[in-house]
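A.B. asks: What follows is each chain in one-letter form.
2 protein chains.
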Amino acid sequence: MEKTLVILTFACSVIALLFAFITARRVTKSPEGTDLMKKISLSIRKGANAYLKRQYKIVSIFFLIMFVILGIMAILNLLTPYVPFAFITGGFFSALSGFIGMKIATLSNARTANACREGLNKGLRVAFSAGSVMGFTVVGLGLLDISIWFFLLKFIFKLENEAITSAILTFGMGASSMALFARVGGGIFTKAADVGADLVGKVEAGIPEDDPRNPAVIADNVGDNVGDVAGMGADLYESYVGSIISACALGVAAFHDIKAMALPLMISAIGVICSILGTFFVRTREGATQKQLLRALSYGTNFSAILIAIVSFPLVYYILGSDNWAVYFAILAGLISGVLIGQSTEYFTSDSYKPTKNLAATSETGTATIIIGGLSVGMLSTLVPIIIISVCVLVAYFVSGGASSASMGLYGIALAAVGMLSTLGITLSTDAYGPVADNAGGIAEMSGLEPEVRQRTDALDSLGNTTAATGKGFAIGSAALTALALMASYIDKIKSIEGGAEKVADLSINNPTVLTGLFIGACLPFVFAALTMNSVGRAAQSVVKEVRRQFREIKGLMDGKAEADYASCVDLCTKSSLREMILPTIIAIVVPVIVGLVLGCTGVVGMLAGATVSGFLLAVFMSNSGGAWDNAKKYIESGVHGGKGSENHKAAVVGDTVGDPFKDTSGPSINILIKLLSMVSIVFAALVVSVSIL
Amino acid sequence: MEKTLVILTFACSVIALLFAFITARRVTKSPEGTDLMKKISLSIRKGANAYLKRQYKIVSIFFLIMFVILGIMAILNLLTPYVPFAFITGGFFSALSGFIGMKIATLSNARTANACREGLNKGLRVAFSAGSVMGFTVVGLGLLDISIWFFLLKFIFKLENEAITSAILTFGMGASSMALFARVGGGIFTKAADVGADLVGKVEAGIPEDDPRNPAVIADNVGDNVGDVAGMGADLYESYVGSIISACALGVAAFHDIKAMALPLMISAIGVICSILGTFFVRTREGATQKQLLRALSYGTNFSAILIAIVSFPLVYYILGSDNWAVYFAILAGLISGVLIGQSTEYFTSDSYKPTKNLAATSETGTATIIIGGLSVGMLSTLVPIIIISVCVLVAYFVSGGASSASMGLYGIALAAVGMLSTLGITLSTDAYGPVADNAGGIAEMSGLEPEVRQRTDALDSLGNTTAATGKGFAIGSAALTALALMASYIDKIKSIEGGAEKVADLSINNPTVLTGLFIGACLPFVFAALTMNSVGRAAQSVVKEVRRQFREIKGLMDGKAEADYASCVDLCTKSSLREMILPTIIAIVVPVIVGLVLGCTGVVGMLAGATVSGFLLAVFMSNSGGAWDNAKKYIESGVHGGKGSENHKAAVVGDTVGDPFKDTSGPSINILIKLLSMVSIVFAALVVSVSIL
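Line by line, the protein sequences are chains Z and R. Position 105 (the first sequence) corresponds to 104 in numbering that gives the first Met the number 0; numbering is contiguous. Position 249 (the second sequence) corresponds to 248 in numbering that gives the first Met the number 0; numbering is contiguous.
Wrong hints could be hidden among the right ones.
Remember, identical chains collapse to one label, so a pair may be satisfied in a single copy or spanning two.
With a cut-off of at most 30 Å between alpha-carbon atoms, the simulated DSS-like pairs for lysine-lysine come out as follows [as the list claims (entries may be wrong)]: (1) LYS356 - LYS574; (2) LYS544 - LYS353; (3) LYS544 - LYS643; (4) LYS544 - LYS356; (5) LYS643 - LYS560; (6) LYS258 - LYS52; (7) LYS544 - LYS633; (8) LYS353 - LYS574; (9) LYS52 - LYS157.
Worth flagging that the hints you see were computed from the coordinates, not collected in a lab.
Just chain Z, with the same shape it has in the complex (with noise of 0.2 Å):
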């Protein structure tokens, strides 16, 4: 059986990186457009590339750093020696797929407004095509990246079952890492760019927005690449991974075979198969309506899922046989789960219903009342997904036999992240394209391209802004389940070290080391936020003052007869946002260490717990408030409570400025934060069970 796993994982992904290898070749082959396009286009590819080029310098010293850190434990025994390597490859591989990702996208964005001058479907296709090259590869990579290193594992060092996930949770921990610094630098990035140039050119000088005149234009447009692309690539790869790999290790340990480690595995690979299948459908007719749009991508996705739900029940009969095979429906539980935790996503955001519709009814009374109204649109909609989450938890958990057997139970937590995140080819295809075509947008604008390919660029977007909702359900709903996983292979890590049992004997949450525990766990993502929302605030600041001194000192401007030094405001985004994401990382990687040594194992499953409960609020909170604004803006300039250039809408422009931060730095951010937690609570449990007191 190990065998066949090793290679229909193996061939899966490679697959899956062939179908984006191919889908990317098709891609580049499109025409560029006119010689102004290609040149906005180089210009971003350029500032692209020499940021992400500084940001891996940066990372790499960081992970020079964890790996001699990691090799010393290893020599001093508290680690096995395969830890320091896994952890490298993991932070390569998540690294590599931001890399990939943002590479196609550079490549299509001129690609995909040449395409839109020719038709709507056309566009379609390439900005999708460019997403689908990013989803591939994510999940192409992390199924090679799995089985590369269980075959070396299992065939050539031979180890047992349990030091192979032992081991193999580490490399997440290194994807989380690479993740969380791309994620939040990216994330810093984009948005500093973005506020910067919505602050003068729209709110100050009355410019639109991808006006050539503005100064930030091209950073912003680099930020779209770097921040949602590159960024989301390294974080999607990072759960995907996280998610296989806990429910491998809970699996090892609720069933000490290697049978239930197959499942999760083949599971996600079969999802990939699933997922090429589904985007075949994605395809729409010229002059389509929006919905149509939808329907196009949505269809793509619902078939992939239907068929995983249909193709996973004989799986988990064959790998499980006829005791178990109600495991099933942990994973159903978790793909419909993952939909829902979407729509409810959708229903709080979309300016197709209430909330959002009320939300720009508010800006008739001010900026105040908007950024008061947006803030409880996104503390209300916690709700939901709340309900969804733990439904889904009592299911996935007494389904799969948590009532006789809690290790079984927490398996099945694990695997329905598995389900959950198992269509992540296609979710993620459709959620990358969305950067795609924002550019594109900029793009159109910049060269001047006839007003309908503005249009359709800006059907495509507004469409992305729908999925991008989806896909942070998604996103969101598979990292509470994955760090309640990953909570629970900290417990069973600590129980397999010697005298580590006693250590967590008693988790009671009146135990006031639990209890202290899960109060310093919930604080650290209001902290992480505000950190993270802090650096956004000041590296905006400097880009809003930069831009202000060129439409000073710049003669000639406004009137486009000069032109505007964008590379100075590529320059300052990538510096600061580089030097703002340091801090959050290092804290994200300390604080477990140091509770672990002053509050003991306790204190850790309670940091762990608080950690994730919060986090999943603040992360759902955070991400809704901000495309509840970023939608009811959108909503006015269609023409409703006085439309573009009206108080209102600067009103609701505030009210999005501020959303910035919230649903594109902190809000994803805070997902990674959470099973990063859990994974440096894993790597330094030996640490702290032998020397901490409590």
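Put chain R on the given structure of chain Z with help from the hints.
C.D. replies: Same frame as chain Z, now just chain R:
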């Protein structure tokens, strides 16, 4: 010992009430000023009275319904027959505290303004005396109610100690329900009026604060009284009583002895005397700077706190004996933590320190950046209080012998809350004086008194913001500790019910029912904050429209030739706030019962922990964001960053307006919410145990 206990507590409560009565007589004897001042004060008084009358009417319907429900449960033997009556008296005394506080505040506002005509010291004395009346009414009524019930249950009905504490806890539920109504209703009223007055008056029409031409100006002043005074009175009555009764309950559970119950009562009783002594030190000389004014107030508070720290040592030693005297350090930890949380609040919200100064600077780049900045200041400010509370919980638990007996440790946590609130008599006096000074400023402005009078009232008012910050520290800190103590009481209560012990056998944080309870509980403060903010938003919008209408339709209003229709704004605020206060309170009462029935007792414990943790974070975040915006605005008004009327100032006003519901409606209500949830759970414990399956 029991008799001495009752007599001493009763005596101290009578002393507190007498002191309040004498102070009230002295205040009301001072002159009210010119006819215009009398007239304005009268309309504020009328508005506030009318509001409270209508509020009490609605609330009494609620209490009647609850009385019937509890009565039926008592008949079904799910509760002791004293419970429904205890519930009613708790609500009654809580309401009475708010009512008396508001009565004296509305009688003192003009008198304070008038005293400020003579000098700053005179003004301070009048305003502070009015605050003292409220402070000592609250503690006096609290001790009175507890001692009467104790007397009845012990000596008339001759109940066991356990049965006594159990009945007295219900009395806390009555107080909490009333407090929630008062805080939410009053909070919505005051902020709807404030936001409405600011948005149209300050921002749109450009007239100063408290300008008599603003139709919402009387409503704004009424709001200060019904929200910041009556709401706060009911709120802190609940906190005070809640901390004492939860300590009594845990004390009896730990020691099975009346002496453990005596301790919290005695500390509170001694606290009353120390607080009265402290009030005599609050005076300042003419022309005092703000720092000297603050020193005058701190001198009184610190004197009381140190006195209590000294006196409670022999008290603990005498009552608990040489084996358990270390419990003293739990009380001390509480006392110190309260002060430290207050200081941290001051650091993050006062314009003497960096966070608020930096926040003011963000106004340079517009409204969006000051909003982002304020949110991140608030989120970041949760870290220090979380650490303080965590350390306090650990110290209180372990010094009280938690390592050998968990119930002793939990008793220690409850005593820390009692220690924190032991100086409530004087801290509440310094807190409640703020709204009086605020009102006095309004009256000075509206009745056209000399500019130096307004300067003096402004000095007093601005000081009030700082003391309010400290007061909030105590309120939030004690709420968290009390909520933890009540959670422990809940577990004790379940164990005491037949068949209950097995229902709380596994309280591990990785038990899925505990976990889902945690998720749901943590979500409640978010939903609650959203609902209350929405309510403020809705109510404020109606005020905005009404004020705009009056500006438009009443000819000559802006030139001061015609008078605004103040009453219509007061009426509008009254109606909307009363309508809006019902839903949040009902949620707080219904949810614990539903969670209990669906998830069982372990789910309830998870819910209580989740609500406490996320409620604490959200309350600190919201209060401090609000405070920082408020003071950033005042800082700009002092002449920096462009000063009053500049674009930066306008941005800061928006921040302040967003902060209003944060700090005065949602934030403080959450404190009550987290305790009410536990009390409701305790009262319905028997029902849940007998009905739920899990």
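A.B. asks: None of the hints should be skipped; say for each whether it holds.
C.D. replies: Do the hints match the structure? See the list:
no.	hint	verdict
1	LYS356 - LYS574	between (38 Å within a copy, 25 Å between copies)
2	LYS544 - LYS353	between (38 Å within a copy, 22 Å between copies)
3	LYS544 - LYS643	both (25 Å within a copy, 23 Å between copies)
4	LYS544 - LYS356	between (34 Å within a copy, 19 Å between copies)
5	LYS643 - LYS560	within (26 Å within a copy, 38 Å between copies)
6	LYS258 - LYS52	neither (41 Å within a copy, 70 Å between copies)
7	LYS544 - LYS633	both (26 Å within a copy, 25 Å between copies)
8	LYS353 - LYS574	between (41 Å within a copy, 25 Å between copies)
9	LYS52 - LYS157	neither (38 Å within a copy, 79 Å between copies)
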